[in-house]
Every structure is written in C-alpha cells, then in structure tokens.
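K.L.:
Heads up, the sequence shown is in the working numbering, so the first residue is 118 and it goes up one at a time.
The hints are simulated quantities; they were obtained by calculation from the structure and are not laboratory data.
Even glycine gets a Cβ: it sits at the ideal position worked out from N, Cα and C.
Among the clues, some could well be false.
Taking lysine-lysine and the DSS-like style, the derived pairs with C-alpha atoms no more than 27 Å apart in a straight line are [unchecked claim]:
#1 Lys142 - Lys363
#2 Lys142 - Lys440
#3 Lys440 - Lys370
#4 Lys313 - Lys142
#5 Lys370 - Lys313
#6 Lys313 - Lys363
#7 Lys326 - Lys339
#8 Lys142 - Lys259
#9 Lys326 - Lys142
#10 Lys326 - Lys164
#11 Lys313 - Lys259
#12 Lys254 - Lys440
DEER-style ranges, computed between Cβ atoms [said to hold, decoys possible]:
#13 Ser481 - Asp364: 24 to 30 Å
#14 Ser226 - Gln301: 33 to 39 Å
#15 Gln278 - Phe383: 21 to 27 Å
#16 Pro253 - Gly473: 35 to 41 Å
#17 Asp305 - Gly412: 21 to 27 Å
#18 Ser226 - Asp364: 20 to 26 Å
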Amino acid sequence: MNRRSFLQSVAGGAVCSSAAAQTGKPNFIVIFADDLGYGDLACYGSKTNETPNLDRMASEGVRFTDFYVPMPFCAPSRAALLTGRYPFRHVVNNPAPDSGINDVGLAPSEITLAEALKPLGYATTCIGKWHLGHQPKFAPRKQGFDEYYGILYSNDMRPVQLVENEQVARYPVVQSGLTADYTQHAVDFLQRNRSKPFFLYLPHAMPHKPLAASEEFYTPQKPGTLYSDVIRELDWSVGRILQEVKDLGLEDKTLVMFLSDNGPWFGGSTGGLRGMKASTFDGGIRVPFIARWPGRIPAGGVTREVCASVDVFPTVCALAGAKLPSDRIIDGLDIFPVMTSVNARSPHEAIFAMGGPLLRVVRSGKWKLHVRIPAPGPAVMDEASAAKWIDPRGPDGV
Numbered sequence: 118m119n120r121r122s123f124l125q126s127v128a129g130g131a132v133c134s135s136a137a138a139q140t141g142k143p144n145f146i147v148i149f150a151d152d153l154g155y156g157d158l159a160c161y162g163s164k165t166n167e168t169p170n171l172d173r174m175a176s177e178g179v180r181f182t183d184f185y186v187p188m189p190f191c192a193p194s195r196a197a198l199l200t201g202r203y204p205f206r207h208v209v210n211n212p213a214p215d216s217g218i219n220d221v222g223l224a225p226s227e228i229t230l231a232e233a234l235k236p237l238g239y240a241t242t243c244i245g246k247w248h249l250g251h252q253p254k255f256a257p258r259k260q261g262f263d264e265y266y267g268i269l270y271s272n273d274m275r276p277v278q279l280v281e282n283e284q285v286a287r288y289p290v291v292q293s294g295l296t297a298d299y300t301q302h303a304v305d306f307l308q309r310n311r312s313k314p315f316f317l318y319l320p321h322a323m324p325h326k327p328l329a330a331s332e333e334f335y336t337p338q339k340p341g342t343l344y345s346d347v348i349r350e351l352d353w354s355v356g357r358i359l360q361e362v363k364d365l366g367l368e369d370k371t372l373v374m375f376l377s378d379n380g381p382w383f384g385g386s387t388g389g390l391r392g393m394k395a396s397t398f399d400g401g402i403r404v405p406f407i408a409r410w411p412g413r414i415p416a417g418g419v420t421r422e423v424c425a426s427v428d429v430f431p432t433v434c435a436l437a438g439a440k441l442p443s444d445r446i447i448d449g450l451d452i453f454p455v456m457t458s459v460n461a462r463s464p465h466e467a468i469f470a471m472g473g474p475l476l477r478v479v480r481s482g483k484w485k486l487h488v489r490i491p492a493p494g495p496a497v498m499d500e501a502s503a504a505k506w507i508d509p510r511g512p513d514g515v
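With the hints as constraints, model all of the structure from the sequences given.
P.N.:
Laid out in structure tokens, this is it:
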C-alpha cells in the first residue's frame, strides 16, 4: 500500500467529515519547543526559570522523566515526531540546510500525523517552525495540514520571513513578537474549529537562538536573564492555550502534549545530564514530555518508563481511530497506557538514537549502549547511576 492508497483507504472508512465530528473524536495539541533543555522547566528541577503553567500542566497530567528524541537536531527530530519513524527510515538524518537554494526535505511519500487524521474529519494546522523543507513540494499543506503560518526553517536562517500557507506574509520579522504571534494564531484556530475534531501542531521558534522576548517579558534591567525571559513567555503561551481550551469547554476531549526537539544549545540547562544539543549523550536527546487530558490522564503522574517522540504518532492514531500505514514500519508504539497509569510499562524493549546517518545509542531499561566515534568500541552506561561509565564490555560482554 503506497501513500495514495493509504490516504484513500482511510478516507473510505471515515464516511464523511460531519459524521467524524459527531462521534466525539478527541482533539490533539502538540506544543514543540525548540532547543529547550531537560532542566529548563521548574517541574524538571530548574531554579532559575519560572514556569507556573507548565508546572500546573504537569501536576494536572503526567510528566515523563526518561523521554527521548531519536536525534539531537531540529529537522530529524521533527520528522520523527510527525511520522513515528526513526531518521534512518524517513532519511531526514542530518541538520537541514540553512538557505533556500537547497532541495532537501521530508519525502512527499512519508505519511505525517496530519495526513493520518485529516481523512477522519480533523481540522489540521501547523503554526511555527516547519524545518522539513522550504521548497513548494515539501510545504506543510502538501503533508496534510490545512493551514500553515510560521517560518519554514530556523529563526537564524536567512531570509527570516513569515509565511502564511505558501505566501510570504511578513518580511522582515521582529522576532521578539514571534511567541505571542504564534500563540494568537493558535487561539484563533481553536476558536474557529471548536465544533470539529482538530490537530494543532505548534512548533515554537524559541528558545532557539537568536533569543527574543516580547516587551511584556523582557527584563533588560536584569542582565543575563534573557533566556529566562524567553522561557517565561513560552510558559505563558502554554497557559494561554490551556485556558482557551478550557474556555471553549474542550478540556475533557483534548489531549495536550508538550516536549522539546532536542537538548539545549546556548543558555539552556540539561539538568545535569551529560552533553547538549548535537550530542547523543542524554543532554542532547532526553527531553521534557508532559501530557494532560482531564478525565483521561490522572493528575500528578510521574513515570520513569523509557518512551520516545516517535510514540506520539501511533498514540494519537490509536486514540483517533486512524489506521497505521501497512506498507512501512512505524517505529513508535502506543504509550497512552503509560500516560494513564504509573504502573504501566513501556511497550519498548529498546529505543534508539542516531548521530548523522549512524546509530549511536540504544536505551533499554536502565541500560544505555553508547557508540563512541571515533573510539576503540562501544560503552555501556547505567542510567540509574548518574550516567557514569561502567564496564565498557557491558553486563554480558557487549
């Protein structure tokens, strides 16, 4: 079954959009921070950043302590989230090019979460950083999204221009207004689609450098606090989205998920984990993950089960009643049971991470196999002992 056949089969089983809306299908919101570190949120141990809304989201939902992305770079991580597939399958396995002259992006043959949901009557939008190709054939609206508004790549790549659907909407861009602008567009989308199932994908530009915060959050009188200002505004954005969902009476039918694409770059904190962005040590690939769904996810949950961003795709599909593609491997697994019970176990025997085109990490339970390149051989770490090196042969002479 190819991509076209899959979409036709899903559409055939959906009957019609109005029927889908009447079945009470859940809504999905994925808020994706850019370069946010594991230790950047107060609920993950930060002593310098104020994040009351994300802290509340965690206290009203579930917080994952061992959640991974499959590559410590922006583009491959985004492709994995939207397809449920590891980088060696979707082949966005290197940092994306930094100018508009390169013809690189997520292959049109890949099936995104938006494409899986759209035939079931879902309204879909991407607001923010796309970074899966800026040429027309890679555009978000070619990958299942009804609408797009944002910067097609990172905010440090040129030209920095806001695009609405396929047209340039603003140039130049004042980056201090990005978080608020994206948030307002997200709120507008929620209001317009309150009566139908929706998928809101909100990949923020921040806290990727260059850092910028709006006047309301910027505190120039406190030198060295710009990163914290940016995090406070990002937290405000999450709070604004949650409040709108509540005001629209949609809390009991909306799953909201928050995570980061990789570890921190400049100014962020790994919370003591080794490495940072671009590293396959945990500081580069272990990220915050919070899920909230009142009435479905018990409040105050904390799970130490090992899960990954590739799990978002199959989890959402299972909840929506969407078919998984049968002509390709979906690496992610349904982790909704882990979200809803602290006693549930991860469905994974192991999860994987890559550095460029090469496999670098295997995490299984408390063990992590890390391939060092160049190096005399692989090494194994015990994640329960502060990621210290242990016998490089591993427990079984690996």
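K.L.:
Against each hint, give a clear statement of whether it holds in the structure.
P.N.:
Here is what the structure says about each hint:
Distance restraint check for Lys142 and Lys363: the Cα-Cα separation of roughly 17 Å lies within the 27 Å cut-off, and the hinted pair is therefore satisfied. Of the pairs offered as hints, the one joining Lys142 and Lys440 holds, with about 14 Å between alpha carbons and a cut-off of 27 Å not exceeded. Restraint check: the Cα-Cα separation between Lys440 and Lys370 comes to about 20 Å, which is no more than 27 Å; the hinted pair holds. Of the supplied pair hints, the one linking Lys313 and Lys142 holds, its CA atoms being roughly 8 Å apart against a limit of 27 Å.
A threshold of 27 Å between alpha carbons decides the hint, and for Lys370 with Lys313 the separation of about 11 Å falls inside it, so the pair holds. Proximity of Lys313 to Lys363 is assessed by CA-CA distance (about 16 Å); at most 27 Å being required, the pair is judged to hold. With a C-alpha separation of about 19 Å, the suggested pairing of Lys326 with Lys339 holds against the 27 Å cut-off. For the hint pairing Lys142 with Lys259, the CA-to-CA distance comes to about 24 Å; that is within 27 Å, so the pair holds.
Restraint check: the Cα-Cα separation between Lys326 and Lys142 comes to about 37 Å, which exceeds 27 Å; the hinted pair is violated. Distance hint between Lys326 and Lys164 is fulfilled; the C-alpha atoms sit about 21 Å from each other, no more than 27 Å. As the CA atoms of Lys313 and Lys259 are separated by approximately 22 Å, the hinted pair is consistent with the 27 Å bound. For the proposed pair Lys254 and Lys440, the alpha carbon gap of about 25 Å is at most 27 Å, so the pair holds.
Our hint of 24 to 30 Å for Ser481 and Asp364 is violated, since their Cβ atoms are close to 43 Å apart. Ser226 and Gln301 have their C-beta atoms about 34 Å apart, which keeps the hinted 33 to 39 Å range intact. A hinted range of 21 to 27 Å holds for the C-beta pair Gln278 and Phe383, which are about 23 Å apart. Taking the beta carbon of each, Pro253 and Gly473 are about 27 Å apart, not inside 35 to 41 Å as hinted.
In this structure, Asp305 and Gly412 meet the distance hint of 21 to 27 Å, their C-beta atoms being roughly 26 Å apart. At roughly 40 Å, the beta-carbon separation of Ser226 and Asp364 lies outside the given 20 to 26 Å, and the hint is violated.
Against the hints set out earlier in the document, violations occur for numbers 9, 13, 16 and 18.
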